[in-house]
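Note that the protein sequences, when read in sequence, are chains U and Z.
Take the first sequence: its letter number 149 is residue 780 in my numbering, and every next letter is one higher.
Take the second sequence: its letter number 4 is residue 1218 in my numbering, and every next letter is one higher.
All the given hints hold, so there is nothing to weed out.
From the structure, some residues in chain U lie toward chain Z, with a derived Cβ separation under 8 angstroms: (1) Arg929; (2) Thr954; (3) Asn1573; (4) Val1574; (5) Asp1577; (6) Arg1578.
Using 25 angstroms as the maximum straight-line C-alpha spacing, the simulated DMTMM-like pairs for lysine to aspartate or glutamate come out as follows: (7) U:Lys1229 with U:Asp1267; (8) U:Lys1563 with U:Asp1504; (9) Z:Lys1258 with U:Asp803; (10) U:Lys928 with Z:Glu1252; (11) U:Lys801 with Z:Asp1264; (12) U:Lys801 with Z:Glu1288; (13) U:Lys963 with Z:Asp1277; (14) U:Lys963 with U:Glu831; (15) U:Lys928 with Z:Asp1247; (16) Z:Lys1273 with U:Glu1462; (17) Z:Lys1258 with Z:Asp1316; (18) U:Lys1454 with Z:Asp1247; (19) U:Lys1560 with U:Asp1511; (20) U:Lys928 with Z:Asp1277; (21) Z:Lys1261 with Z:Asp1320; (22) U:Lys928 with Z:Glu1291; (23) U:Lys1563 with U:Glu1498; (24) U:Lys928 with Z:Asp1295; (25) U:Lys1454 with U:Asp1504; (26) Z:Lys1261 with Z:Glu1222; (27) U:Lys963 with Z:Glu1222; (28) Z:Lys1312 with Z:Glu1222; (29) Z:Lys1312 with Z:Asp1243; (30) U:Lys1529 with U:Asp1449; (31) U:Lys801 with Z:Glu1291.
No lab work stands behind these hints: they were computed from the structure.
Every residue, glycine too, gets a C-beta built ideally from N, C-alpha and C.
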Amino acid sequence: MLMSSLTPLGDLENACEFESRHIGLTEADQAHMLSVIGEASRRSLIEGIVPASIARRQGMQLPDPLTEAQALQELRTIADRNVLLKSCIGQGYYGTHTPGVILRNILENPAWYTAYTPYQAEISQGRMEALVNFQTMVCDLTGMPIANASMLDEATAAAEAMTLARRTVKSDSQVFLVDQDCHPQTIEVVQTRARPLGIEVVVGDVVALLPHQACFAALVQYPGSTGAVHDWATQAEQLHGQQAALCVAADLLALTLLTPPGEWGADIVIGSTQRLGMPMGCGGPHAAYLACRDAYKRSMPGRLVGVSIDAHGQPAYRLALQTREQHIRREKATSNICTAQVLPAVVASMYVVYHGPRGLQRIAQRVASFTALLARGLRELGYTLLHDTAFDTVSVKTSDRTDALLARARDSGYNLRRVNAVTLGVSLDETTTRADLEALWGVFAATGQPLPQVASAEAGIDTLLPSTLRRHSAYLTHPVFNSYHSETGMLRYIRALSDKDLALDRSMIPLGSCTMKLNATSEMIPITWPAFAQPHPFAPADQLEGYRLLDEQLRQWLCQATGYAGISLQPNAGSQGEYAGLLAIMAYHAARGNSHRKVCLIPSSAHGTNPASAQMVGMEVVVTACDDQGNVDLVDLQAKCEQHSDRLAAVMITYPSTHGVFETQVKDLCALVHRHGGRVYVDGANMNALVGVAAPGEFGGDVSHLNLHKTFCIPHGGGGPGVGPVCVVDDLVPYLPGHATAGVPVNGVGAVSAAPLGNAAVLPISWMYCRMMGADGLRHATEAAILAANYISVRLRDHYPTLYTSDNGRVAHECILDLRPLKDSSGISAEDVAKRLMDYGFHAPTLSFPVAGTLMVEPTESETLQEIDRFIDAMIAIRDEIRRVEDGTWPREDNPLKHAPHTAAAVLSDGWSHAYSRELGAFPLASLKRQKYWPTVGRVDNVHGDRNLFCSCVPLSAWEAASA
Amino acid sequence: MSLKYTAEHEWVQSGADHVTVGITHHAQDALGDVVFVELPEVGKHFKAGDVAGVVESVKAAADVYMPLGGTITEVNEALRDDPALANSDPLGAGWFFKVRLDNAADVDGLMDEAAYQALTA
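When you get a sec, could you build the whole thing from the sequences and use the hints?
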């Protein structure tokens, strides 16, 4: 007789299934790892690491987890609350058709979206070529000699242009002139940015204000926000006459038809690339750009991809001029920008590669022609337009019929722009059809009035672009923009580039402080749903109910995770969240009449964005010491709190520390700072060790930022998009950033991003993660991440000592391996080990941060035990290689580490003459013969690259010479 | 002709009516290969301790400070064109700028050779 055992239905339904998809370690794996590190259980591990004084008192209140299918269904009902009209609002955001080959093979392809910032150049040549294409595209279209590899959005790019000009020009005026026809959200963000820096922003008619108004720079929009195309050459001369700079916010599509700013005296050109293939996404993500004159290049913010040579003399891409950036210059950095918008920048550059100069011009000509046709028809209907010139935008004088027409347009399915009480704006774009023109005329026509006819322009129509500003110069002439116009060609080009790169879809990327965890497909799927991808950020609020609910729920859950009372999702990178958080602290002090409180104490071990952000909000950075354990030296901190007591604004700490330790006295530290009137900023970079276990809002933090592109699964994309929410305790909630242009009330801190929800369209990713994991799942993830890091530390400790541990020998979610002694014994540097790991098929851990000469390893909870062991085996094998240098078997200058990474061409060369075999160079472990990633270039010459700066597409002749 | 030094790893050599300033061997070694130098404007006046320039390598960007108050009389154009001179000949052809001091006697207050050796030991 069979005895049946019953399984509860709940187990069969397995609502927690996603947890085991996300966490790579099975229960059996974890039991094994615990025994290796000598720990009884996961609970005892956590209790031994997390100080009891800060452990969470109660669990997170999150809804019970759903399966992937259920979560997608629930999110779909939320998304469908967004009402999709055709938006002709313009104001910096336009409809576009993302080519299918780019949508599927880049935006929806893990090979592209799971890549990290290309610090390890030899394994990143593919995406760096795409970024060089982006830089060249921007230079060609703007007529400027140099452009960077993307900015966060047009408004923050304009703010960066302002500070770039202030750093560079000879004028000592503190006035920044902004033309009134710039996009309103740009003006708002510029004003927020200028205030703490003592820059006076004057908004007005730049034509009338110059030449008499003294300023260090002026910003103009080309074409203007309300549509006019103005010739700014005279103003350029006037500005140069007073040693000031001209900054131009320019529409790249329009520049295929208009004389580019570089040809009439612009010094800095910025703008958005959203309309080149990225959906509007309710405001983001999309890449912005910044281009400038040669004299400004060393002061440019952001990442710059340059061309150098590798060890074999071949052209090779690398990140150039990194010494300007926050991680090196710290409070003297050109900007605090860290993550940019690389994935959308790649999309924009591929859109241009695919269309080429003629395809792009055709799109622009169609937009301009439809706009001219629309204008002619509106005039036939009896309307007066604000301007005689236009590219894609007309502003119509509507007197007292403005709101009635707006409603009528909505009823016909169109959103127009309410410029003011007596003016409506209509912007056309790549997606505009003849039917749209007829419908729009129908909106404006009086009852019974005959409508204009599209057919009247069948033979073509003159655009409204001024003839004096028609572009004559060539652009996008490099072969890369003229070779891949068939889908087959494009597909293979995209694939060839991604084959060169090592992303998470191939191996673990154990970068400390980066949290390279799984970006699950079901998390990614919603971002290209039309309901999330199509909305315009300034569409009427009643059409954005879906986004409103998504925002509200995600903020609630993140408050649960952090212990804070209020959150804003507006900042579109961690650096921006940090900046907004510090602005909140300054606004708090100012509201109490304490604007003199400006001192910000920052430990020497802090990430470079901390001091860079502090100086952006007008704080005075005072560095505090760390003890030789790498912890904040409380004695020094106390002394500095006392020394600066009446001027103390804040302290910025990272918890657990950048050294991977849960410092036991953090509550005392917070109390100390509070006693002296300062607020505590807790950098959320290491949140992956805290979720569900400890909450900064509970243990004394006042403000934190999060990195959703670390802890909450938004993929790194090669360097963006990111989301950096700013989280605050109850009394600081009023000082979260508002957004006047979008109707969000401002109370001390104005807009910090162009759009009120920042990179809105990637927020669904973090929503899905939280919804599928639930509170227990999120806590398990944290515990598994901590276990994995401790396992690596213990297994490698006989080969590479872990630099900082707690008193009981434990680390948090990352560990620092000390390679410094090896430099003396063998001449091998941490960088050599990082390059040799490429031969083993790995991206190196974080190199020389926060301590020079070390590698910081963060496996995350998503890696399998098999992959973690593979990494450990590679590190042990490398240690044995180093031993052979120490004992003299190999010369210090001729060994597999010094010559790493090894390309296929190098090991197959007839000229091989090294002290070790080719087989050892390429296949140091037998398992690599079954599965091998080949670095595509040898070690890149960084010195050559910075001494001979070249940031555009490599001419074909250079490739041909290299392979001759 | 003995050199004087600052705690920021610069050397100062006295001339007829000016001093010449550069970075020390210790500094160029710590920086690594220099890729760029930003030199002050000729004719500009700085106080002691002001930032007069920047020296950049691939891994670091360091401020170059005015060792003493004075006016810049000359900058090393050869160094601007070939930053590697700061590595290959820091005490000679890799000089940065020349200064007409506000007060010639200020030089006496700087570190001498022995004191600088002690600092970098």
